[in-house]
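Protein chains in written order, with numbering that gives the first Met the number 0: chain A, 0 to 83; chain B, 0 to 118; chain C, 0 to 238.
What the hints contain is simulated information worked out from the structure, not anything from laboratory work. Note that beta-carbon positions come from the ideal geometry of N, C-alpha and C, so glycine has one too. Warning: the hint list may mix true and false statements.
With a straight-line cut-off of 25 Å between C-alpha atoms, the simulated DMTMM-like cross-links for lysine to aspartate or glutamate are [as the list claims (entries may be wrong)]:
| no. | chain 1 | residue 1 | chain 2 | residue 2 |
| --- | --- | --- | --- | --- |
| 1 | A | Lys78 | A | Asp23 |
| 2 | B | Lys26 | A | Glu77 |
| 3 | A | Lys78 | B | Asp5 |
| 4 | B | Lys112 | A | Asp23 |
| 5 | B | Lys26 | B | Glu104 |
| 6 | C | Lys2 | B | Glu104 |
| 7 | C | Lys165 | A | Asp23 |
| 8 | C | Lys53 | C | Asp72 |
| 9 | A | Lys78 | B | Glu104 |
| 10 | B | Lys112 | A | Glu77 |
| 11 | C | Lys2 | A | Asp23 |
| 12 | B | Lys26 | A | Asp23 |
| 13 | B | Lys112 | B | Asp5 |
| 14 | C | Lys165 | C | Asp72 |
Just so you have them, the derived chain C footprint on chain B, three or more residues with Cβ under 8 Å [as the list claims (entries may be wrong)]:
| no. | segment |
| --- | --- |
| 15 | 16-30 |
| 16 | 45-59 |
| 17 | 92-99 |
Okay, here's what each chain looks like letter by letter:
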Amino acid sequence: MIVFQTLLVLVMITAAVFAARARDLMNAVIACAMVSLMASIIFYFLQAPDVAMAEAAIGAGLTTAIFIFAINRTVRHEKDEKAD
Amino acid sequence: MSLLADYIHYVGCFALVLIGLYVVLVKSNLVKVIIGISLIDTGVNLFLVATGYLRSGTAPIFSSAAAQPGMMVDPVPQALVLTAIVIGVSVLALALSLAVRLYGEYGTLDLRKIKELKW
Amino acid sequence: MRKLISLVVLLAVAAGLALSLHRGPFGAEGAKAEAGLDSDKVNFGRYYVHEGVKETGATNIVSSVVLGYRGFDTLGEVAVLFIAATGLAAVLHLAGPSRGKRDAEPASLVVFTGCRFLFPLLLLFGTYVFVHGHLTPGGGFQGGAMIASAFLLIYLGCRGRALNEKGLRVTESLSGLAFVAVGLAGLAVGGAFLLNFLPTGSPYSLFSAGIIPIVYVAVGLKVGCELGGIIDRLAGGAG
């Protein structure tokens, strides 16, 4: 059981690193939804079913939809940044 | 193995918070910064629920079969995190509406080019 | 330069966190708390778990904490959600009509039929979740989010149909008023705002726990309509 939770935490951290480094904003938003989904499963293993339901419905569903509508009205790609 | 069991949840929460903080500090696209804020929110909510956990605890709900209040996990952090998740999504929606408006005014979402905002 | 300073700050924060959390490993309080050895912590959680069913009548202890012992915080949270939705409406109203970059092609027949089939089922399931919030895991916020997901399905798959904006606004305002009215009724009857003045009934039955189911219905409808209104405005509704 603890091995499974460790695996979930590692997948969550990998998705977060991918969200930080993606240049295409759609990819970053999908990775953010993956982080919310892994967090929802970890909430269930921490014996919190109410919080797991709320995180799954709001974090992995509505937040992604709001981001995609906003990206549709603004830019899609992050420009290359130069260190200053 | 016991070292893993003791600290892996805290390491996960704070790795999320630190990655989100890195995105907020370094990236220059406004929507990317808002994604970083969302990552910090998720990490902090995970930490709050993890502090209420007891070893071999059960969920704080009385079903008719098992009605043992002895080993239930703490319900107060769960109630607070429920509120925090909804407030997080409402702050995100407001921030994204401001980003859409900024894009309409300036034509770009690069924070270095929007003149009023400097680091 | 900016990246270097940020990395140094993050390393300092990480070192501080590691040093402070080293003393308190995860989940270690189980055996000590039950034995009563943890006497330096104020154990609200333990009190709520042992006395919650007797005092509020709800078998879901998280619901009795959210609406019974900490009902005022929930009222504040509903107010914050309302302010955010109003702010979003005001900002996007001034931005003019939507000029989406890519006009979506109309949904295919499979998506259209699926969305039309799922919409009433999702509404029913969301209503079930918030009506039974005091008995099973769930409650107003979860049910409201499911109702908002049902509204989202209309924008995704229903070929140009939109929500009834005025109906959403009226429902949301009336639900918010209902929450405050129940609180004021508690003030009139017993002298405390949001007092649980209805009979608590027998546990495990639907009509129990005093005002908690009523307030959950109001909160569920309000959160669902509010998030649905946010989706509608971001997707380019005029209004």
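Handout entry: Structure versus earlier hints, numbers of those that do not hold, lowest first
Key = 3, 6, 7, 13, 14
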